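Q: Residue numbers (my numbering), protein chains in the order written: chain H, 1 to 441; chain G, 1 to 441; chain L, 1 to 441; chain C, 1 to 441.
Derived by calculation from the structure, the hints in this document are not laboratory data.
Please note: incorrect hints may appear among the correct ones.
When chains are identical, the list treats them as one kind, so a pair holds in a single copy or across two.
As the list claims (entries may be wrong) - Simulated crosslink set (DSS-like; lysine-lysine; CA at most 25 Å straight-line):
#, residue 1, residue 2
1, Lys147, Lys329
2, Lys378, Lys328
3, Lys257, Lys3
4, Lys27, Lys319
5, Lys154, Lys329
6, Lys329, Lys378
7, Lys139, Lys27
For clarity, every value in this text was computed on a predicted model and none was experimentally measured.
4 protein chains.
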Amino acid sequence: MEKVLRDPIHNHIYIQHQVILDLINAKEFQRLRRIKQLGTTSYTFHGAEHSRFSHSVGVYEITRQICDLFARNYPTKDAHDGLWNDDERIVALCAALLHDLGHGPYSHTFEHIFQTDHEQMTTDIITSPETEVNHVLQKVSPSFPQKVASVIQKTYPNPQVVQMISSQIDADRMDYLLRDSYFTGTNYGNFDLTRILRVMRPYKEGITFDISGMHAVEDYIVSRFQMYQQVYFHPVSRSMEVILSHLLKRAKYLYTKNELQLNGATDLLVPFLTGNYTLNDYINLDDGVLNTCFTVWRSSSDEVLSDLASRFLDRHPLKSVRLAPETKKFVPTLQDLVTQAGYLSEYYMDTNDSYDLPYDAYDPNSQKPRTQIELMQKDQSLVELSAISPLVKSITGKVSGDERLFFPREMLASDKQNDLFSPVYTDFNRYIHNDQVVAPN
Amino acid sequence: MEKVLRDPIHNHIYIQHQVILDLINAKEFQRLRRIKQLGTTSYTFHGAEHSRFSHSVGVYEITRQICDLFARNYPTKDAHDGLWNDDERIVALCAALLHDLGHGPYSHTFEHIFQTDHEQMTTDIITSPETEVNHVLQKVSPSFPQKVASVIQKTYPNPQVVQMISSQIDADRMDYLLRDSYFTGTNYGNFDLTRILRVMRPYKEGITFDISGMHAVEDYIVSRFQMYQQVYFHPVSRSMEVILSHLLKRAKYLYTKNELQLNGATDLLVPFLTGNYTLNDYINLDDGVLNTCFTVWRSSSDEVLSDLASRFLDRHPLKSVRLAPETKKFVPTLQDLVTQAGYLSEYYMDTNDSYDLPYDAYDPNSQKPRTQIELMQKDQSLVELSAISPLVKSITGKVSGDERLFFPREMLASDKQNDLFSPVYTDFNRYIHNDQVVAPN
Amino acid sequence: MEKVLRDPIHNHIYIQHQVILDLINAKEFQRLRRIKQLGTTSYTFHGAEHSRFSHSVGVYEITRQICDLFARNYPTKDAHDGLWNDDERIVALCAALLHDLGHGPYSHTFEHIFQTDHEQMTTDIITSPETEVNHVLQKVSPSFPQKVASVIQKTYPNPQVVQMISSQIDADRMDYLLRDSYFTGTNYGNFDLTRILRVMRPYKEGITFDISGMHAVEDYIVSRFQMYQQVYFHPVSRSMEVILSHLLKRAKYLYTKNELQLNGATDLLVPFLTGNYTLNDYINLDDGVLNTCFTVWRSSSDEVLSDLASRFLDRHPLKSVRLAPETKKFVPTLQDLVTQAGYLSEYYMDTNDSYDLPYDAYDPNSQKPRTQIELMQKDQSLVELSAISPLVKSITGKVSGDERLFFPREMLASDKQNDLFSPVYTDFNRYIHNDQVVAPN
Amino acid sequence: MEKVLRDPIHNHIYIQHQVILDLINAKEFQRLRRIKQLGTTSYTFHGAEHSRFSHSVGVYEITRQICDLFARNYPTKDAHDGLWNDDERIVALCAALLHDLGHGPYSHTFEHIFQTDHEQMTTDIITSPETEVNHVLQKVSPSFPQKVASVIQKTYPNPQVVQMISSQIDADRMDYLLRDSYFTGTNYGNFDLTRILRVMRPYKEGITFDISGMHAVEDYIVSRFQMYQQVYFHPVSRSMEVILSHLLKRAKYLYTKNELQLNGATDLLVPFLTGNYTLNDYINLDDGVLNTCFTVWRSSSDEVLSDLASRFLDRHPLKSVRLAPETKKFVPTLQDLVTQAGYLSEYYMDTNDSYDLPYDAYDPNSQKPRTQIELMQKDQSLVELSAISPLVKSITGKVSGDERLFFPREMLASDKQNDLFSPVYTDFNRYIHNDQVVAPN
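Could you put the whole structure together from the sequences, leaning on the hints where they help?
A: So this is what it looks like as structure tokens:
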């Protein structure tokens, strides 16, 4: 009999195969409960404390629903009709469930500092014989783990299965938009999932959408664009990431210089500080382990480490303003001023750009060509989305986002008149206008 | 200018006083981000990963809305008219925000094992001159921290302020029902907040409700009852709590016997193992610290500690069945059988009762007399809720919940025929029928 | 290929059989668009303007989902196993869709005045060879219309099919609770549909629920009780019904006396005034036809007819207060006072009781014994709901609702001091206290 | 004490002035309960049966919330500071409530056939001394009705008041997007109302938005665009409008020729057939009156009238396909074919374009220059929305929608092989491909 998990987004997650239940119960999958889906975003939207676990089961559920619809409405009759072969269901479901398995705590920042790679880790956890996940998959067949991994790596031969999990409108993106919207309490990521599922259909080269659903697809693209603008690129979350990055950088520097006290949770982090870690070391990491390190470091005798740890734990973000290509030249000057005000600018100042390509038509010359979204007309011919939607056209192929300069909020304080550094602050403020870096007047 | 926080339950949290903003930014309050509101409940309802931080700002927001309504509709004109004096607003708001400040990780279980007391801790954090929260409150007036603490302790002279925060229908309960409902993805805790707020009114002895809102209040009581039955008392969450409790008990035992390896995060836990801790030690604790200890203990050479740590981290709950007063006598026998099957029953078996009083009319002879809910009629006379609601009457003053027996799921396995312990399992199963302990046939 | 209707409650209504599509397109079914589901309730809750059409397709959709679940999880293997035979699907779906087909405008009141019977009308429309609905059903088989009608009349031999449509927890009640909740904008009727559907199961004598879903079923019963208390029994809607009833009574009286001007829409009403109508006359009626009559009557020279028509169209409800068995004896006196104040009390005063049995266990001695709700335990034994739910027990078998006295709001006016009738008003008010009729002091 | 109406969109509508309560109770306002907000759209989205009454109180409520925010955050201190003068509240609230007062049944189509004008009617009802609305407004001051009317006509001197009710982002549009979204059960019109209200602010020339809310405003514009594409321009609703239009046209033609039977509800329509109507005649009209006429006409001896009435009442839409400028030349040929197939093409064929300008920057040369949306930067300078939003830019100043050709669905029937008219159908189908009119191959 099927089992269900209660889920706020999909109401219920239906588990209909023993292998899925066993994967969920595996140690490496349960670990995803201890890693937040949106990292520092919960510092801006306090509701967004959901984990990668809940997103992963959500991606599974959407994939399951797609399989059901395909099996009901587009079952294959012969090998070359481009319709859905329901024998692919299990590999699709497993890949959907496990696609984020290799994520670590505060993934993006952690990887940047410690040179780890969550995609490689996902593959490793699936294919390494030492993991519980691998054992479960092995029970399906010895080659099954590799098959599942190949779907995630996009090398699996059936493009329908690959595109369910990775394309510009896949189960992954659909779940995270709805889920992040729900937990942040914003409405921007809300789109019409059931309508999209209804117009989705398999064809020889993957997945396409019935032309009658054009506006629903358009709405999804715009929702995605809006979520990036309003939630994922939020300056405060990015500021907390900047602090986190500098904090880890400082710890690494101190460790190299043998000045990091190794008490506390730090033991679990040592393999990454030395660059010499095992798969098991990686699996032992989670948000709580990092935060526990920070709690220990808060009492460190190194002032920079201690201050950055406190700023991160207690949510004291850096201030940020927009930076344009023509104002980047002022950054060194501003860095000087920050240094004059007594901050180690290497740790208290940074620039950060958040860019995303909201949608792109296929471009064989692009660095990372994407599968474009195509709509099927009544006569079975295809038309590319941006060719018929001016709204999508307007954001196609354009990176969108902004570059920002981060610095201590204290630099903008207006009550520094009697401060020793008063002229420094005054000078600094000349470069800031309407939340942007500007040429000083 | 007011600031807002985006919140999935109340849409926006409106912050209109500097003291509130400063309290939210205080280290001790930010720490609540790292403590889950519902502890082990997220093992059953994976969406319920929200923190005590988000609940606390929610309680603040409901209190703010009550103050607004009272100030608009029931402003006091003279000292004895029993109407609302808006000078009480700040103390009410601060008490609402801080009422859960002293909660630690997995509060209930932790307190039980380590003899801490979150209510005392709340008072200590508010009144101790070493905390940031205290400094912020001091700025209002030197006696203000004590005033805020007295509201939380229910000794504050104005009963309206006390009842806003603690009564059978207060801002605390109202927020957690709505919030826990939203994040679990169940609907049971949903009641009509705006209607309840509209019929709420101050009077001399506290807070009452207009008779026209009787059904809305009734609906709230029933919602609360349902949430206890369906969510808070869920056997799987309680099972995970049993494991947690045994895990901490084992660690304490090993520490006493000097057999607990003190590497890793354990340092932060030592003061509690020795029973000798400071306020700062307490503030350093959070869910992540405990989980990090468990990750370390997972590799312990003590098999019980290691196994229980894995069971907790990887969510392998004990099985449970209902236990009735007349079947409690079989527990020792079942304990013997579990021991015979190779388990240390002290760590692998337990009973646990979850009882709650959904509502009670005032009873001066009760151990803990509660403020009853009263409704005001057109002629200003009061009538007690259960006197006019048969639905509420049916659950008034009755504890509700169940007692359960927890044991290793393996005891029920049906595929043990060839097992050495096969007769033990067969015997054990004779005592279990329809998910209850029964007299063996 | 299946067709879908967009629906705010079920998201989509899935139409998978030509007969269902044809029934929806039939004239007699489309007519339900012009009849409000809740009659005068939209005078109290202005959002509740939804039609019987939308409710009917909703009942169909829930029935469809039940069939899907039964076919997936409980397919019959032999004739006597008490499981689901999916050949019953079509008759169940048609009965679900058509169960309210015979409702007329403002059903309850209209029937009372004109002695029509919507249940008989439903049967007639289904079985009469002159209707489009009958023609569509005939295409399935000549005996099919009668079969569908027998499900609605509860004489169909398969109790599972009958109970899907009519029992204490059927598709009809489930849809209207959710739908009326959504459109009124109240929350009281919200219960956990997907959970209930998951625990529903067929057995020999009909439909039962898995014991694990006890609290979900309990929640549904309480929701239903709450909707009756808060929405369906609302005094203002009942007051508008009183006016409507008196208005139709006056028209009938005038017609009998040959004093009703027969201009305007009245032609469509004449067959009912004479008591001599055809099925087609009945099908021609809808809310708009009645309202159009009232618009015409508003200009009538009969003052009572004209005033009541205006009161109904312009929403000027009568005032009402509660009436208890022991205060009924004062009604004649109050009637006298209303008459003295210049009102024809026959048209301006009334009593009305709204009572409902929220739930009942089976009682063979009851006038209308109901199928009770039973829960199936692990060992397949059944237990009746109120036996294990104190909450349900408290409202089982008890009628709930109140009796009210309706009279012109003007009787309570406090500014009548200089009015000719001043002593009458003063006298009247002595009988009214706390919104109830009381013994005068 | 304030009164409230329960509302599904805004939860509660707060009524805080006697004049607002009296206006709602006025006969001309109550009439809006009998006119659907979206006309024929409920034929496509069956949930969309809400009335202009509910929309009108919704527009009032949003305006009330804007006034509250302005009064709290931007109160004027001197006459020329461009801030909010709360003395304007009453006129703003009344204008908001009454802005749609003059709408008749199926407004757009009715006006087109009978040359009425709902904007003029709104003014007339407000300013004519014979209406209840006028009497209520007179009580505020003799010139007040005219003042309210001038806000609706956009001639009122305070641009803030005018723009609250009529601008590209006003209370009217905001309510209908949310409300129509809710009742249709689509999600497209959902935008972040509370965020928009928070960033709205008064300034000298009207209303502007804080730059920090740019994406929320952008989201609103896109939502609006989506609702037009997906809901308001839906081909089936437009097809039902085409039928309605032809039906009224036929009635008018028959009346002119003295061939329309004047029984039934038709009396109420006669003044419009003759073109000689009073304000009271207009106020007597509603959806039910028109539908009652159609029920009567359904039995007319004129076959065209009878058929069109049935098509409208029973929802038998014409089929439609897209028409491009370059394919318009085929319309006469297609008309011929329809005629050959036996239809009076004048009544059974039509083209219809639905175009809307989703947003426009101010263009003094435009026929109907619109107030553009401007955002206020930190230094108080303004920037026009499309200048900073590529998404909005992409739909700015471009009409969007499509032109369609409507014809009897039977023309596309594929089972006409043995039909007398078979060659006609074959020929017709050569012009239709991919739901468009095309050059025949």
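Q: Please go over all the hints and tell whether each is borne out by the structure.
A: Results of checking the hints against the structure:
Proximity of lysine 147 to lysine 329 under the C-alpha cut-off of 25 Å is found in neither arrangement, the shortest distances being 50 Å within a copy and 54 Å between copies. When the C-alpha separation of lysine 378 and lysine 328 is checked against a cutoff of 25 Å, the pair qualifies only between copies, where the shortest distance is 21 Å, while the shortest distance within a copy is 51 Å. For a Cα distance limit of 25 Å, the shortest separation of lysine 257 from lysine 3 qualifies neither inside one copy, at 53 Å, nor across copies, at 43 Å. In this homomeric assembly, lysine 27 and lysine 319 come within 25 Å of each other (Cα to Cα) only across copies, at 19 Å, whereas the closest approach inside a single copy is 40 Å.
When the C-alpha separation of lysine 154 and lysine 329 is checked against a cutoff of 25 Å, the pair qualifies neither within a copy, at 41 Å, nor between copies, at 49 Å. In this homomeric assembly, lysine 329 and lysine 378 come within 25 Å of each other (Cα to Cα) only across copies, at 23 Å, whereas the closest approach inside a single copy is 55 Å. For the identical chains of this complex, lysine 139 and lysine 27 are intra-copy neighbours only, at 17 Å inside a copy versus 49 Å across copies, given an alpha-carbon limit of 25 Å.
Consistency note: the structure conflicts with the earlier hints numbered 1, 3, 5.
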